[in-house]
Amino acid sequence: MRDIAFGQYYPADSVIHKLDSRIKLILVVVYVVGVFLVNSFISYIPVALFLLSTILLSKVSLIKVMKSIKGILFIIMFTSLLNIFFNKVDNVLWSWGFLVITDGGLKIAAKLALRLLLLVAGTSMLTFTTTPMGITDGLESIMKPLKLIKVPVHDIAITMSITLRFIPILIEEIDKIIMAQKARGASFDTGGLVKRIKAYLPVLIPLFVSAFRRADELALAMDARCYNATQNRTKLKELKCKKRDLIALFITTIYLILVITIPMFFPIILDFFSK
Amino acid sequence: MSIKVTNLSFIYSPKTPFEKVALDNISFEIAEGETMGIIGSTGSGKSTLIQHLNGLIRTTKGNITVCDIDLTSKRPNLKKLRSLVGMLFQYPEYQLFADTVFKDVCFGPLNFGFSQKAAEEAAEEALRLVGLNFDDVRDRSPFELSGGEKRRVAIAGVLASKPKILVLDEPTAGLDPAGKREMLDLIRSLKGDSIKTVIMISHNMDEIAEYADRVLVMDNGKIIKDSHPRALFSDISMFKETGLKLPHSVNISTLLRARGFEIGTPLNINELLTNICDRMEGSK
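Protein sequences, first through last, are from chains R and A. Counting from 5, one number per residue, gives the positions in the first sequence under this note's numbering. Counting from 4, one number per residue, gives the positions in the second sequence under this note's numbering.
Just chain R, with the same shape it has in the complex:
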C-alpha cells in the first residue's frame, strides 16, 4: 500500500516546488486544456517538451514519474485496444472475422494513449511538487471570489485538507490491520474472487470503526479548541506571487499558443524546408 506513487508528495529543493501553489494550480489547468486542444501528432511536441522540462526542473526522479503512470497503464492499454478495434477509418490493414484494424483506428488509439499518459504524468507533477496543505491553501485562495455568493470556501478547504491528511494515516492503519489479521492466519491472495473479497472483511470493518473513531476524536479536539471557520483566519504561510511565478505564467502562455498554432504553421515550415 505504501508504494502508491500517484498523488504522493516528493520533497525536493527546486523552482517548481517553490512556485506559488495558486499559480501551479492554474498552470496545471492550462496544461490540461493544452493536452485536450491537441489534434495532431505534431502538437504533442510542445506538450511533451513542456512536461519534460517541468520534470527536469522539479528534480523529481523520472522513475517516480514512470511509477505514477504504471498505476493507470492498464486503463491506457484497455482504452487503446478498444479504440484500435472500434474505429474503422481509412485503409484496412488487417482483419480476422469481426476484428478489423485500420490505420485511422491506430492513429486515434495512439493519440488517446499519448493524451492519457501526458495527462496523468502532468497532473501528478502537481502533487509531486506541492504539499497537500499547499494545494488546499491555493484552492481556497483561488475560490475566494465564491465567498460573495455564500459558498463556504474555507469549510471546503479545511475538509479537503483533513481528507488529504488522513489518507496516509488510513493507509498506515490498513497496513497494520492487514498484518494483524495475517498473523491470525488470514490470507488475502488465495481462492476465487468472492473468497478474496470476503477475506477483506476482517480488514474493512476495523478500518471503518477506526476511521469513525478518529473522525469523532478530531471533531472533539477541534471543538475543544474552539475551532471556528467563519471568522477571518490568518495563515502561518501567506501565499505571495513572486517574479518566478510570473515567468512560469509567461512560459505556460507561450506553451498554450504553441500547442494551438503549431498545426497551422507546421505545413508552412515543412514547405519552407522542402523548397
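Straight-line C-alpha distance at most 16 Å; calculated EDC-like pairs for lysine to aspartate or glutamate:
(1) R:Lys180 <-> A:Glu173
(2) A:Lys82 <-> R:Asp193
(3) R:Lys68 <-> A:Glu22
One side only, chain R facing chain A, incomplete, derived with CB under 7 Å:
(4) Pro15
(5) Ile181
(6) Met183
(7) Ala184
(8) Lys186
(9) Ala187
(10) Arg188
(11) Gly189
(12) Ala190
(13) Pro206
(14) Ile209
(15) Pro210
(16) Ser214
Pairwise CB distance ranges (calculated):
(17) A:Ser240 <-> R:Leu77: 55 to 63 Å
(18) A:Ser240 <-> R:Phe170: 41 to 49 Å
(19) A:Arg282 <-> R:Asp220: 49 to 57 Å
(20) A:Tyr15 <-> R:Thr83: 33 to 41 Å
(21) A:Asp179 <-> R:Ile160: 36 to 44 Å
(22) R:Ile175 <-> A:Asn28: 24 to 32 Å
(23) A:His251 <-> R:Tyr204: 42 to 50 Å
(24) R:Ala16 <-> A:Ile279: 58 to 66 Å
(25) A:His251 <-> R:Leu66: 53 to 61 Å
(26) A:Arg282 <-> R:Ala225: 49 to 57 Å
(27) R:Thr194 <-> A:Lys106: 16 to 24 Å
(28) A:Ile279 <-> R:Ala225: 39 to 47 Å
(29) R:Asp220 <-> A:Ser240: 42 to 50 Å
Hint data in this document are derived by calculation from the structure and do not stem from the laboratory. No residue lacks a Cβ here, since even glycine has one placed at the ideal position from N, Cα and C.
Given chain R, put chain A in place with the hints provided.
Coordinates of chain A only, in the frame set by chain R:
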C-alpha cells in the same frame, strides 16, 4: 522452538527520499523457554524486528530461522510459522471485526485449519484463560466491551490458535495500572504449558526488569546490548547515552548508592525492600 537471526538488515522505501534503515545487521538467538524483553526508543526498529519473526515482512537481507522454518527460503511455510508464532500487536483491540466475541476468537484457529469443533473448543478455552466470563461475553459484540475486555478478547484471539511462541508489542500500552498488572500476570501465567517462549516489547522498564530474563536493547536499528536485566541495569552509563529510563527500583538504589548505602541492583519493589532491610539489619 528456538529463533535464530543472523545479519538481518531491512530498509523501508529503498532508493527514495523516504529511505529509512530500520534494521542494521542484527544477529541474536532465542532459546526455548526464554522470556525476552526488547527495549529501545521509538523508531529504533523493535516493531520491524518482530514483524520479521512472523514473516509479515519478507526478509530482504540476512537469515532468520524460527522453529526450523527457514524464512529466507523461496516459499517458507507461512501458515505453519504463523500458527507457531502468536503475534499480539500494539492496541490489538483495533483488529476485532466479527459480530460476536466468540466468532472473532474462532477466526484464527479456523484460518489455521482447525475443524469447526476444535476451533470452538480452543476459543472457549482461550476466552476462559484470559479471565473472561465465557457465557457472559460469547454472544456479545466485541465493540460494546470495555477497553480492557476488548484487549483480553484480542489476546484470546491469538491464544486460540495455540502458538508455541508469543510475541507481544507493548501489551500494556494504554491500560490503567491495575490493568497493566493483570496483563503481565496473565502473560506470566500463560508461559509454561503450551507457550514456551515469550518476546515482549515494552517502554516500561519496571515491566522489563520484573518479567524478562533477557533483554535486547535496540538503538537506530542496531542491537547495542544483549544481557540479563540485572547486568543491564547495573551499567547506568548506557541509559544516560540512549535516553532510556531506568526502573524505579534501580533509580532508588542508585540514589542510595550516591549516599554511600550499597544495596545492589534490585529489579522490583519487593527485591528493593528486601535488600534495604537486609542491608539495615547487616549494618546494625
